[in-house]
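Peer 1: Listed below, chain by chain, are the residues.
There are 2 protein chains.
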Amino acid sequence: MPRTISALVRNEPGVLAEMSEAIRKYNVNIKSISAGETENPDISRLTIGLVGQDEDIRKITEDIAEMDVIIQVDDLARKEFVDRELVLIKVAMEPAVTPQIMQIFEVFRANVVGMGQETITVEMSGDREKIDGLINMLKPHGIKSMCRSGMIALKRGDD
Amino acid sequence: MPRTISALVRNEPGVLAEMSEAIRKYNVNIKSISAGETENPDISRLTIGLVGQDEDIRKITEDIAEMDVIIQVDDLARKEFVDRELVLIKVAMEPAVTPQIMQIFEVFRANVVGMGQETITVEMSGDREKIDGLINMLKPHGIKSMCRSGMIALKRGDD
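Heads up: the protein sequence lines correspond to chains A and B, in order. Numbering of the first sequence is given in UniProt numbering, commencing with residue 1 and proceeding in unit increments. Numbering of the second sequence is given in UniProt numbering, commencing with residue 1 and proceeding in unit increments.
Each hint should be verified, as a subset may be incorrect.
Because identical chains cannot be distinguished in the list, a pair is counted as satisfied if it fits within a single copy or across any two copies.
Below are the DSSO-like pairs computed for lysine-lysine, each with C-alpha atoms no more than 27 Å apart in a straight line [unchecked claim]:
{"hint": "1", "residue 1": "Lys31", "residue 2": "Lys155"}
{"hint": "2", "residue 1": "Lys144", "residue 2": "Lys25"}
{"hint": "3", "residue 1": "Lys144", "residue 2": "Lys155"}
{"hint": "4", "residue 1": "Lys155", "residue 2": "Lys130"}
{"hint": "5", "residue 1": "Lys59", "residue 2": "Lys155"}
{"hint": "6", "residue 1": "Lys31", "residue 2": "Lys139"}
Just so you know, these hints were derived from the structure itself, not from any lab.
Please work from the sequences and hints to get the whole structure.
Peer 2: Written out as C-alpha cells, the structure is:
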C-alpha cells in the first residue's frame, strides 16, 4: 500500500536533490510527488507518495525530519486529512462513441479543456479512487496521453 | 518568468535524485514539481517549473534529455499546451464574513471539501492565473494553510 508523507520545506536550491537522495538510500520507490508554493513565499509544501516496506519509510521520514531545510514532516497515514489529485487525460474519440464518452465525463464531473479532430482532453480532480475510476472507464476507448499531479493533502479540521 | 519543462521518465529508483542533481548544478530554483503515473505503469510524467536564466534552463533541458531514464523532454514554453494546477486552501471563517467568502468560492467555482469550527477548506483547479486570483481574494481573510500541486500540462490538439 502506498504511504504518503507531507513536508514543509524552506525554498532553497538543492532541497529536492537532498530529499530524493535520502529516499534513494532505501529500497523505496517514489510513486508520486507534488510540490508547490504555500501561503508563505519562502516555504513550499511537498507531498510524496512512497511504495516500500513500512520500516524503510519510517526511517526515511526520520532522516528527512532531521534535515536543516525541513520545517515539519507528517506521515499522512497517521492523520486525518483531505487528499486530492488532479488529472489531465487525452482520450481518442470516434463519432460513434461520443455520447458514451460524454456521459462518462458527466458522471465523473470531468471538464472538457481541449478538443482535436480525433481526441478530447478533460481535467478532473478528486481522491485517488475517483481518478482511478475515470481512468478505468476511459481506458477501453484509448487514452492517448495523461498527466497526474500526484496527491496533495491538508489536515482535516482547524489545525 | 518561470519556465516549465515536461518529461516522460522510466519508473526507476533514483530518477528524481538524478534529475534534481542535474538542476542543482546550475543556479536555478525549482518553483514547482509534479510527478505522477501515466497511461503506462512503467512510465511517469514530470512537470517542473523552473526559475532562472534562460541559458541555464536550456542547458538543464539538454542534460536531462541525455539521461538513460528519460524518454522525452519538452520545453513547454515553446509549445501549445493546456496547463492546470490544483490547490487546497484552508481559510479562516468568521460568521460575519461567511457570505462574502462563499461568494468568492462561487465566482471561482471552488468546491468546499472540509469545514471546522473556525475554518473552511476548498479545492479549486485552474491555470496559474486563476489559482493566484483565488489566493489573492482569500488572503485578507487569513489563509491558515495551503497546498498547491504544481502545474501539470498536456499538448493541445491530437498529438
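Peer 1: Could you run down the list of hints and mark each one as holding or not?
Peer 2: Here is how each hint holds up against the structure:
Both within a single protomer and between protomers do Lys31 and Lys155 lie at most 27 Å apart by alpha-carbon distance, with minima of 21 Å and 23 Å respectively. For a Cα distance limit of 27 Å, the shortest separation of Lys144 from Lys25 qualifies neither inside one copy, at 35 Å, nor across copies, at 34 Å. In the homo-oligomer, the alpha carbons of Lys144 and Lys155 lie at most 27 Å apart only across protomers (11 Å), although the nearest pairing inside one protomer, at 35 Å, exceeds that limit. With identical chains, the CA atoms of Lys155 and Lys130 are at most 27 Å apart both within one copy (20 Å) and between copies (24 Å).
Only within a single protomer do Lys59 and Lys155 lie at most 27 Å apart by alpha-carbon distance; the minimum there is 22 Å, versus 39 Å between protomers. In this homomeric assembly, Lys31 and Lys139 come within 27 Å of each other (Cα to Cα) only inside a single copy, at 20 Å, whereas the closest approach across copies is 33 Å.
Hint compliance for this structure: hint 2 is the single one not met.
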